[in-house]
Amino acid sequence: MDLRFTPEEQEFRQEVRSFIAENLDKETHASMLAGHRPSKDQIVAWQRVLNRKGWATVDWPVGFGGTGWNIIKRHIFREEVQAYPAPEPLAFGVYMVGPVIITFGTEAQKKKFLPRIANIDDWWCQGFSEPGSGSDLASLKTAARRDGDHYVVNGQKTWTTYAQYADWIFCLVRTNPQAAKPQEGISFLLIDMESPGVTLRPIVTVDGGREINEVFFDDVKVPVENLVGVENRGWDCAKFLLSNERVNTARIGATKERLRRLKKLAADVSENGRPLVDDPSFAEKLAALQIELKALEITQLRVLANEHKNGKGKPDPASSVLKLRGTELQQRITELTLQAAGPHGLVGESLDVPLGHNEDEIAPEWMRLAAPTYFNTRKVTIYGGSNEIQRNIIAKQILGL
Amino acid sequence: MDLRFTPEEQEFRQEVRSFIAENLDKETHASMLAGHRPSKDQIVAWQRVLNRKGWATVDWPVGFGGTGWNIIKRHIFREEVQAYPAPEPLAFGVYMVGPVIITFGTEAQKKKFLPRIANIDDWWCQGFSEPGSGSDLASLKTAARRDGDHYVVNGQKTWTTYAQYADWIFCLVRTNPQAAKPQEGISFLLIDMESPGVTLRPIVTVDGGREINEVFFDDVKVPVENLVGVENRGWDCAKFLLSNERVNTARIGATKERLRRLKKLAADVSENGRPLVDDPSFAEKLAALQIELKALEITQLRVLANEHKNGKGKPDPASSVLKLRGTELQQRITELTLQAAGPHGLVGESLDVPLGHNEDEIAPEWMRLAAPTYFNTRKVTIYGGSNEIQRNIIAKQILGL
Amino acid sequence: MDFDLSDEQRLLRDNVERLAAAPDGVTSDRGWKRERWKKFAELGLLALPFAEEDGGLGWGAVETMIVMEAFGKGLVREPYLATVVIGGGLLRHGCDGEVRKKLAGRIASGELLATLAHTEREARHELADVTLSARKTSGGFVLDGVKSVVPHGDQAELLFVSARSAGGRHERDGVSLFRVDADSKGVMRRAYEFADGTPGAQIRLDNVVVPADALVGEAGKGLALIERVTDEAIAALCAEAVGVMSAMGEMTVAYLKTRKQFGRPIGAFQALQHRAADMFIALEQARSMAVYATMMVGESDAAQRSAAISAAKVTIGQNGRFIGEQAVQLHGGIGMTMEYRLGAYFKRMTAINLMFGDSDHHLRKVADAGGLDRKLA
Amino acid sequence: MDFDLSDEQRLLRDNVERLAAAPDGVTSDRGWKRERWKKFAELGLLALPFAEEDGGLGWGAVETMIVMEAFGKGLVREPYLATVVIGGGLLRHGCDGEVRKKLAGRIASGELLATLAHTEREARHELADVTLSARKTSGGFVLDGVKSVVPHGDQAELLFVSARSAGGRHERDGVSLFRVDADSKGVMRRAYEFADGTPGAQIRLDNVVVPADALVGEAGKGLALIERVTDEAIAALCAEAVGVMSAMGEMTVAYLKTRKQFGRPIGAFQALQHRAADMFIALEQARSMAVYATMMVGESDAAQRSAAISAAKVTIGQNGRFIGEQAVQLHGGIGMTMEYRLGAYFKRMTAINLMFGDSDHHLRKVADAGGLDRKLA
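Chains as they are written, first to last, in our numbering: chain S, 1 to 401; chain D, 1 to 401; chain V, 1 to 377; chain F, 1 to 377.
Check each hint, because a few of them may be wrong.
[What the hints assert, rightly or not] Calculated lysine to any residue pairs in the SDA-like style (CA-CA distance at most 25 angstroms, straight line): (1) Lys365/V / Gln397/D; (2) Lys260/F / Ala91/D; (3) Lys141/D / Asp301/F; (4) Lys260/V / Phe104/S; (5) Lys309/S / Asp122/S; (6) Lys260/F / Ile398/S; (7) Lys260/F / Glu52/V; (8) Lys38/F / Glu126/F; (9) Lys264/D / Ala268/V; (10) Lys285/D / Lys260/V; (11) Lys285/D / Ala268/V; (12) Lys264/D / Leu372/V; (13) Lys260/F / Arg201/D; (14) Lys264/D / Lys260/V; (15) Lys365/V / Lys260/V; (16) Lys112/D / His150/D; (17) Lys260/F / Ile102/D; (18) Lys309/D / Asn51/D; (19) Lys264/D / Lys239/D; (20) Lys257/V / Ile389/S; (21) Lys396/D / Thr337/F; (22) Lys141/D / Gly105/F; (23) Lys365/F / Ile389/S; (24) Lys141/S / Lys260/V; (25) Lys257/V / Phe262/F; (26) Lys239/D / Ala268/V; (27) Lys260/V / Tyr255/F.
In short, the hints are calculated from the structure, not lab data.
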């Protein structure tokens, strides 16, 4: 047991950092540093840079474009990308549908989709949630009826992030309405967003952003070869995917970066002549966050090491801890940032529309982004299995209650 | 609407305070100030002083020895007693069985018991909890079988506070094991502790104290005239009693006194040359407690005013808020006091055995009492309907969930 | 001590709640409507705090609390706080005789909007941090500087502007308050929306000349007045916050009863029931402190008044954030959408927490003051 | 980076857990038993941290962590922390050559108990606040003063006593450390029990004469050594705390599964399930920080080491209190009784939080240090 990074690992960290510094578009970096989400173009451009380097899909098995790095190196890589910050891989492709296709898909599916995922030639989105089925995912109603070589899909998905950019959507659909349990009779389908009968309705979120959508399916024909895994056994794919998601939604590297930034910002605002960062109460809040983040980082490494030891494919229910605490910490950073902005946190702005820097600002950009970011980040404890669901998982799967 | 105390109310407060100052035994006061529980003798002596003054049972109806004061005056009286601090009336008599007898009892019971309760000629204890029925009170098993003019009682009660002092115990017993619902078929019995077949076993608590007991009933004969209310309808008495208890367990006046005292103590300990009370983080914790206490005090007055307006006998489920927050605040004071004691909080002592002051102390008495008090105070969120049960009550009875 | 509303107060509450619930107030231009403002005037709401001799109703803090709570419930964005509570307060406590009477009358009739332009870009929550300069001239004063977070500063015709006429930055002495016509030469306003949609403005005063009688109170002694009126504003805001919180609580409980997951209403799940119970407790505690603030706002000892108001703001801030965050969480995705009214409440609650000092700021103030008064409950 | 235990470490863990679970260790005289201490010696546990050249096993912080966690689980009260971790640490880092070898050998064999007498009555958690005086004489030093919270100070034969040989109270410089035989003339001990039952003592040194070579390290420069060994003690204590917490967690989950109310196991109630989940999270986070402390205890940069150790103590303190309080709450009445083992764990956890600085103290230290090192995970 030794938690110290080896010299080789430290060197690797440096290599990743230098690569990012030399290859990441400066404007992308500046915009992200300021707290904006990267645009579609920025995400795609950076993913292609990584793909050329062979770093687009580092977690995938070697034969499929993975790097073969051990968990420590993968951790370092992810942390450096998040902490720089650079755009992260499009999760719906690289972390979600990619591994599902690798684990459950046919050779043809692997060949067709995986390289395009790595290069974001296809932009993917996720069709799991429905208006009636949020936390109770297995109650989903979108139906796929077999009709010769096709399924005919009817129904509605919702909370579909970035569906407006998507070329493809992976969906859970009900293929056997007569199944004994709700989890049975569900299948995992890949659907071309260009298919006739697919329509979108945007949902504007409280921060004024336009991230999410409703997706409607009206007699959409999907070729049978787009079924992943076994018909009616899609729940296996879903469980596998959700467990991967829990690890990734912790986003510890990103939270570290936000925390470092907040500390700098808090050194620049003063009250009564004292920088906020020297206010004892604020400084202790920052320290407390840093401590919890450190604990979570080590917990993450322990969970990953454990999963690694127990063999692939078997998700560790402890990943619920990562999702839970990771998202709570993300929220607390946004709360503290808003507090740091003070009364000028009132000056609102949307995350999606970067203002130019040349006009006379009512408040610095970070202050104007503080409230929308705080609003927007409320989502992280809701999506990917709400934190209440994660507590259920811990209670039932780990504690046996 | 006017929250200011009227001059008359302020005068009344002064009158109560002066009366306590002039009549409370000095040793009792000093011992309580130091954080000890009052002894049986101290409680009895003070109650008799109050009884001579006509203040023993201020909340009871006028005809039964009550003062006829309105809720504000009763609030002021209770607060002054707690804040002085002086011993409070023995709750099992004055707040619990007394009002039950007044509301549900026969004339004979009123005549026999009430004056003796007011003067603690009888020391009462409470026989509700059983080993198998804690929060699920209605699952109680102690059985009372009718046999001519008597009930024959068999079973066991537990967590019986001060049973070792008690002359009488009021019990919930099962008189009809065939009732359709667990709440039905329960009766409210008064049992003489001297009856043959009643035995005690003390339970030592983690703080080393000897407050609670198990009480065993082995073919105990109880005259039928000791039934309160209607046979098999004892649950009505129980609900009425528990709701009264919730108001009294808030103990806001006592918490105020502990908080004032803690502030003084924290002015007397220093670290690095700075008194603890000037440590920003500790000072903010004190302020936060004071604020929450103020809020709860006003909430209590609002609840009492509301109950008053809605007529007697109808308990306000909002009293759950008082129990919940009141007990949490009691606990937080003990936590902060232990923190203030610092490393010398390690020096243990029992709450029950006052040490003399003349020997060379390893640490001041308040520091030695800090840990046992912290331990002991864990009980307050458990008894009187655990705080989880109070949340159930709020969710169901107030919010309709 | 008495918790009951009088018949008159009950009538006021019912009337205002009805008006505030009218659905047409939210989406109009700049978030509010002149027509509804006129209805407020007709109902006497705009005359509420002014003395009868000034043409007002001579009502007090309790009535303001009643109005503001109803406004919170109804998400009313009309400039009541800025104009009637703050502007009215500055008039009542700071201005004399004819000026007071005249302006109070114009506010009461609904024809004049007022606001306080005080917060500056570097000041955060520190009220004494004023750098906008007031230079005395033979005929009056010249004001020069920028105020940045002025609620309803985009439309108010009457601006109360704080300025430094003497002393250094952060000094209590030397802060003066002036009445400034918004269309004076040199006044430049930049309108924007607060994060919750409330209209706001940055106001630049570029060597604005005001006459000598524009000075409110004594030169250099304006801070005590600003503090007093800020305390009144906080008390009113606490009441508004209680309205916002109770609306969020009610929406959440209703949602818990109707939304089904795993075959039953999610309100049947005990973990969510307990969360709802904690929200209820937080609301009741906040309500108590709003009542407390209302009572203490008239306290003559400024230090005690201020500590009490700060205590209320701490509770409102902490409990309001808790209730808001939990309401969104329990609603799930729908609580995150613009289409659903909960988000607007959540944003309003967040804005309230940023106004006049956040909970940490006020907790420190209470700690520094060494506690709360014993005169009141 | 590597999280796996070696085969040797796994063996150690299994052995110590077996020994620690033996039921005879809790209720004996002064809370522990000489027989078990001898078994520890036989197993090599008392030789664990000493260098091989001093007759030790040459093991490190990871092995200490393994041992302490098992001790926490088993509620072991033997003076391992005082004698082996702290006494051993002072020997290893502070004493030279023959003295070190001889004393290490005597500790390893189980014949010598040692402890550090440092905390004074007015010092609270401030390590530099030393007033017990050391006066230099021709042949050595005279020590005069009182130490009040000395763990196992009732039975330890070898006392490390900190004293002020120069400088004023609170000054870092001028603190010296001495080896003092507990039966020296002028040493008076008053034994008592800590709140958790651990034996402790107040120790008065009444002009105790010690020879010149009783000085550990350089005169006036003892604080750095005390800080280093205190950090090691905290790291060990964190591991013990993890053992205590995991025992409380396991007892609680087991109780939730068996205790029935309202016709089903109380573990079927979702609110309690979520509480148990929060306890699990708190435990996992605490475990991670105990690992972190273990790794950082050997960090050569004292400031970084100290910040990391403080961070661990913060987590242990907060999470340990949460787990303990919830464990008692979820057990209900039974958790409050002396007869049930949970109470003993709860009290031990409380005692751990009071030792070497509480969480607030260490949170302040981390804040003052400006954060944690990036070299480690």
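Hints versus structure:
no. : hint                : verdict
1   : Lys365/V / Gln397/D : 38 angstroms, violated
2   : Lys260/F / Ala91/D  : 29 angstroms, violated
3   : Lys141/D / Asp301/F : 65 angstroms, violated
4   : Lys260/V / Phe104/S : 32 angstroms, violated
5   : Lys309/S / Asp122/S : 33 angstroms, violated
6   : Lys260/F / Ile398/S : 21 angstroms, holds
7   : Lys260/F / Glu52/V  : 67 angstroms, violated
8   : Lys38/F / Glu126/F  : 35 angstroms, violated
9   : Lys264/D / Ala268/V : 47 angstroms, violated
10  : Lys285/D / Lys260/V : 41 angstroms, violated
11  : Lys285/D / Ala268/V : 36 angstroms, violated
12  : Lys264/D / Leu372/V : 15 angstroms, holds
13  : Lys260/F / Arg201/D : 24 angstroms, holds
14  : Lys264/D / Lys260/V : 53 angstroms, violated
15  : Lys365/V / Lys260/V : 45 angstroms, violated
16  : Lys112/D / His150/D : 18 angstroms, holds
17  : Lys260/F / Ile102/D : 35 angstroms, violated
18  : Lys309/D / Asn51/D  : 28 angstroms, violated
19  : Lys264/D / Lys239/D : 40 angstroms, violated
20  : Lys257/V / Ile389/S : 19 angstroms, holds
21  : Lys396/D / Thr337/F : 32 angstroms, violated
22  : Lys141/D / Gly105/F : 62 angstroms, violated
23  : Lys365/F / Ile389/S : 36 angstroms, violated
24  : Lys141/S / Lys260/V : 14 angstroms, holds
25  : Lys257/V / Phe262/F : 23 angstroms, holds
26  : Lys239/D / Ala268/V : 23 angstroms, holds
27  : Lys260/V / Tyr255/F : 31 angstroms, violated
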